[in-house]
Amino acid sequence: MLEETGRPAVFAPLCRSIISARAASATMFGSLCADPGCEMLLDLYWRDSQGLKTSLTSFCLASKASEMTGRRCLAEMEAQGIVERFPDPFDKRRIYVRLTAAGQDKMDACFQTLLSGYAQTCHDCARKCGDAPDGARQAVPFCIAIDGVRRFRR
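First residue of the sequence shown? That's 51 in my numbering, and the numbers climb one at a time after it.
No lab work stands behind these hints, which were simulated from the structure alone. In this text, a Cβ means the ideal position worked out from N, Cα and C, and glycines have one as well. Hints are supplied without guarantee of correctness; some may be wrong.
As the list claims (entries may be wrong) - Calculated lysine-lysine pairs in the DSS-like style (CA-CA distance at most 27 Å, straight line):
(1) Lys103 / Lys156
(2) Lys142 / Lys103
(3) Lys142 / Lys156
(4) Lys114 / Lys156
What the hints assert, rightly or not - Ranges between beta-carbon positions, derived for each pair:
(5) Ala76 / Leu102: 18 to 24 Å
(6) Gln170 / Ser81: 39 to 45 Å
(7) Met78 / Arg143: 37 to 43 Å
(8) Leu106 / Ala74: 23 to 29 Å
(9) Phe140 / Cys83: 35 to 41 Å
(10) Tyr168 / Leu102: 25 to 31 Å
(11) Gly80 / Ala169: 17 to 23 Å
(12) Thr171 / Lys142: 18 to 24 Å
(13) Gly167 / Ser116: 30 to 36 Å
(14) Tyr146 / Gly167: 17 to 23 Å
(15) Lys142 / Ala71: 15 to 21 Å
(16) Ala84 / Arg148: 20 to 26 Å
(17) Cys83 / Gln130: 21 to 27 Å
Model the full structure from these sequences, guided by the hints.
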C-alpha cells in the first residue's frame with residue numbers, strides 16, 4: 051500500500067516508532083545514545099509525512115543538542131545534498147528545511163532495510179516457534195508464550 055507520495059504507507063509509522071524508541075533510549079541511557087543528525091532527519095521525515103513544514107529553528111531543536119551542533123549537522127546534510135533550505139514566501143524572516151529527493155530516497159532505503167530485517171526476524175521466529183516434526187516447540191530468546199501463542203517480548 052502506497053501513500054500519495056508514492057512511498058510505502060508503512061514508512062511513516064515506522065519512522066514514528068523509531069523516534070519513540072530513540073526517546074526511550076535517551077531516557078534510559080542519556081547522551082550515550084545521542085545522535086543529533088539522526089534525530090533531525092527522523093523528525094524532518096515524520097513532519098513531511100504529516101504534510102507539515104519544518105522551520106530552521108524547529109529542525110535544529112529536533113537535534114536535542116546545542117544550536118551550534120544542530121547548525122553543524124544542517125551544514126553537513128546540505129553538503130551531502132540530502133536537505134535544503136527555502137524561504138517562507140509570507141514571512142521573509144523564516145526559513146524552512148526539507149528533505150531533497152535524494153534525502154527522501156536515502157531515508158526510504160533505510161526504512162526498507164529495517165523492514166527487511168524485521169521481516170526476516172519474524173520469518174525466523176515463526177519457523178522456530180512453529181511446530182517441530184516431533185511435536186516439540188522451540189523457544190526463541192526474544193519470544194514469550196502468552197495463552198499458548200508465542201509473541202515478541204517487550
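Inset, instruction - Tell me, in ascending order, the numbers of any earlier hints that this structure violates. - result: As far as the earlier hints go, 3, 6, 11, 12, 14, 15 are violated by this structure, in ascending order.
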